[in-house]
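Chains as they are written, first to last, in our numbering: chain Y, 23 to 162; chain R, 23 to 162; chain L, 23 to 162.
These are computed hints drawn from the structure, not numbers from a lab. The structure presented is a predicted model; accordingly, all values stated were derived computationally and were not measured. Glycine included, every Cβ here is placed at the ideal spot set by N, Cα and C. Any given hint might turn out to be false.
Here are the simulated lysine to any residue pairs, SDA-like style, with alpha carbons at most 20 Å apart [stated by the list, open to error]:
(1) Y/Lys39 / Y/Ser77
(2) Y/Lys39 / L/Lys39
(3) R/Lys39 / R/Arg124
(4) R/Lys39 / Y/Lys39
(5) L/Lys39 / R/Thr139
(6) Y/Lys39 / Y/Thr94
(7) L/Lys39 / R/Asn120
(8) L/Lys39 / R/Arg124
(9) L/Lys39 / R/Asp87
(10) R/Lys39 / R/Asn120
(11) L/Lys39 / R/Thr65
(12) R/Lys39 / R/Asp87
(13) Y/Lys39 / L/Thr65
(14) Y/Lys39 / Y/Glu117
(15) R/Lys39 / Y/Thr139
(16) R/Lys39 / R/Thr65
(17) L/Lys39 / L/Thr65
(18) R/Lys39 / R/Glu95
Sample of chain L residues lacking proximity to chain Y, with all beta carbon distances greater than 10 Å (derived) [unchecked claim]:
(19) Thr38
(20) Val75
(21) Asp87
(22) Glu95
(23) Asn120
(24) Thr134
(25) Thr140
(26) Gly160
Covered stretches of chain Y, going by a simulated chain R footprint (3 or more residues, C-beta under 8 Å) [claimed, not checked]:
(27) 80 to 94
(28) 119 to 131
Below, each chain spelled out in residue letters.
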Amino acid sequence: MNHTATPTAIVPASRTKTVGPFSPGVSIGPLLQVAGQVGVAPTAPDASAPAPVASVRTQTLQALDNVREVLTEGRTDWEDVLMIRVYLTDTSHLEEFNDTYREYFSGHGCETLPARTTVYVGLPAGLLVEIDALAVHGDH
Amino acid sequence: MNHTATPTAIVPASRTKTVGPFSPGVSIGPLLQVAGQVGVAPTAPDASAPAPVASVRTQTLQALDNVREVLTEGRTDWEDVLMIRVYLTDTSHLEEFNDTYREYFSGHGCETLPARTTVYVGLPAGLLVEIDALAVHGDH
Amino acid sequence: MNHTATPTAIVPASRTKTVGPFSPGVSIGPLLQVAGQVGVAPTAPDASAPAPVASVRTQTLQALDNVREVLTEGRTDWEDVLMIRVYLTDTSHLEEFNDTYREYFSGHGCETLPARTTVYVGLPAGLLVEIDALAVHGDH
C-alpha cells in the first residue's frame, strides 16, 4: 500500500474563497472525501449567496461539476466514487434532479454508478441541492 | 491486500427494477457501500410506491432486509458494517424504530453493533424509514 | 497492513449509559467511525434529555468533545478525521456554529481541517446539533 496516512487537503485552484471551516476535500490513505458541494460556482462573487433563480437542473450540474473538480484535484474521478449523498429540499424536485443526474453520468461514461442516498432537508436560502462523495483511490 | 480497485456494482437478483440512477451497492477495495434502502420489497409491483399503511416497524424490518440482501450479495454481513445511517421522518417514531432495530440485531447475533447516526428528514410520500450502511470487507 | 478485520466497539469509560442500539464508535481495519454525538455530556443524569436551554455554542462544544472522546478511545485524533457530518436544526444557527467550530479547531492545532457536509434536519426536542466523524487510522 503506497499511501501515507498523512491527511492531505484537496483544494482546487478555483477555491480562492473559504466558504467555511472545512476542506473542499481530504485524502487520507486510500480514501478521498469530497465535502458537500452546492450549485454555485466556486468563483462566483459571493459563493455563499447563490442566485435564487437557479433551477434544480442548473444547481445540480454546478454541484456535480464542483464535486468533480475536487475529485480531479485529488487524482480521482467518478469511477472511483463509492457513494454519493444527495440532499434536496423538496420531494417534488426528485424527477428533475434524477433526469439531470442520469444525463450527466451518461455523459461521463461511468460504467458503475455510485451508490446513493437521497434525503430531503433544509438548506440555506436559495440552495436546492447539496452533494458529497466518498472515493477510493485506484492505486491502493 | 487482495482487492482490486475496480468498482463493482452489487446488484442482488431481486433488483429487477431500477429505482433510480444509482447502484444498490458498490464495492471498491476494502469498502462496500449499501445505497439508501427503504421499507418496500425490491420485488414489489412498484417499488417506488410503498403501501402508505405500512408501520414504522414493518418498514424498518423491510429496509433492514434490503440492506442485508446487498451486504450478502457483496459477501459481507452485519458484522462487517462500520456505520449505519438512519433517516426517519418524525421524532415520535424513534422508540418503535429502536425497539424493532434492537430486536432485529439480537436475532442476527451481532456482537458489535455498528455505529449509527439518526436524523429526521423528509422522504417521499408513504416512506417512514431509510437506511444505508458502510461495510469493510473481512479479508482486507 | 496491521489491522485485523474484526470490528471493535469503541466505548469510552464515560459511556456508562446506552443511549440506543449502536456503538459510540466502531473500528474495522483502517477505519474508525464515530456515531452521531449530541450536545449532552455522556455522564449527564439522563443523556437522552438535554437541558433545552443550552445554546448552539454550548451544544457544539459538548458534541465535539464527545466525538473526540471516541476518537481518543480508538487511538485517533482530529488529524485522522476525513469527514465530519454536521446536522443543525435551523439555518440561522450556522454562523454561531461555525464561529464555535473554527475556534475549537484552532485550539486543537489541526493543520488540515476535515471535509464537512452541513444540513438542516429535525432532531429530538432540545437538541440543536449532531455531529459524526469518519477517521482513518494513521498506521494503515
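- prompt: Within 20 Å, alpha carbon to alpha carbon, are lysine 39 of chain R and threonine 65 of chain R?
  reply: holds (8 Å)
message: How does the segment 80 to 94 of chain Y fare against chain R when you require at least three residues with a CB closer than 8 Å, holds or violated?
response: violated (count 0)
- prompt: Does the alpha-carbon distance linking lysine 39 of chain L and threonine 139 of chain R stay inside the 20 Å limit?
  reply: holds (17 Å)
Closest CB of chain Y to the CB of threonine 38 of chain L still more than 10 Å away: Non-interface label on threonine 38 of chain L holds, nearest chain Y Cβ at 32 Å vs cutoff 10 Å.
field: Straight-line alpha-carbon gap lysine 39 of chain Y to threonine 94 of chain Y, limit 20 Å
entry: With Cα atoms ~19 Å apart, lysine 39 of chain Y and threonine 94 of chain Y stay inside 20 Å; holds.
message: For lysine 39 of chain Y and threonine 65 of chain L, compute the direct alpha-carbon distance and say whether it is at most 20 Å.
response: violated (40 Å)
query: For the pair supplied as a hint, lysine 39 of chain R and threonine 139 of chain Y, is the alpha-carbon distance within the 20 Å limit?
result: Holds. Lysine 39 of chain R to threonine 139 of chain Y sits at ~17 Å (cutoff 20 Å).
message: lysine 39 of chain L and asparagine 120 of chain R were given as a pair; does the straight-line alpha-carbon distance stay at or below 20 Å?
response: holds (16 Å)
message: Against the 20 Å threshold, does the CA-CA distance of lysine 39 of chain L and arginine 124 of chain R hold or violate the hint?
response: holds (16 Å)
query: Does aspartate 87 of chain R lie within 20 Å of lysine 39 of chain L when you go C-alpha to C-alpha?
result: Violated: lysine 39 of chain L and aspartate 87 of chain R sit about 29 Å apart, past 20 Å.
field: Given pair status - aspartate 87 of chain R, lysine 39 of chain R, alpha carbons within 20 Å
entry: Since the Cα atoms of lysine 39 of chain R and aspartate 87 of chain R sit roughly 17 Å apart, the hinted pair holds (cutoff 20 Å).
field: Interface exclusion of threonine 134 of chain L relative to chain Y, criterion Cβ beyond 10 Å
entry: violated (4 Å)
Consistency with the previously given hints fails for numbers 1, 2, 3, 4, 9, 10, 11, 13, 14, 23, 24, 25, 26 and 27, ordered from lowest to highest.
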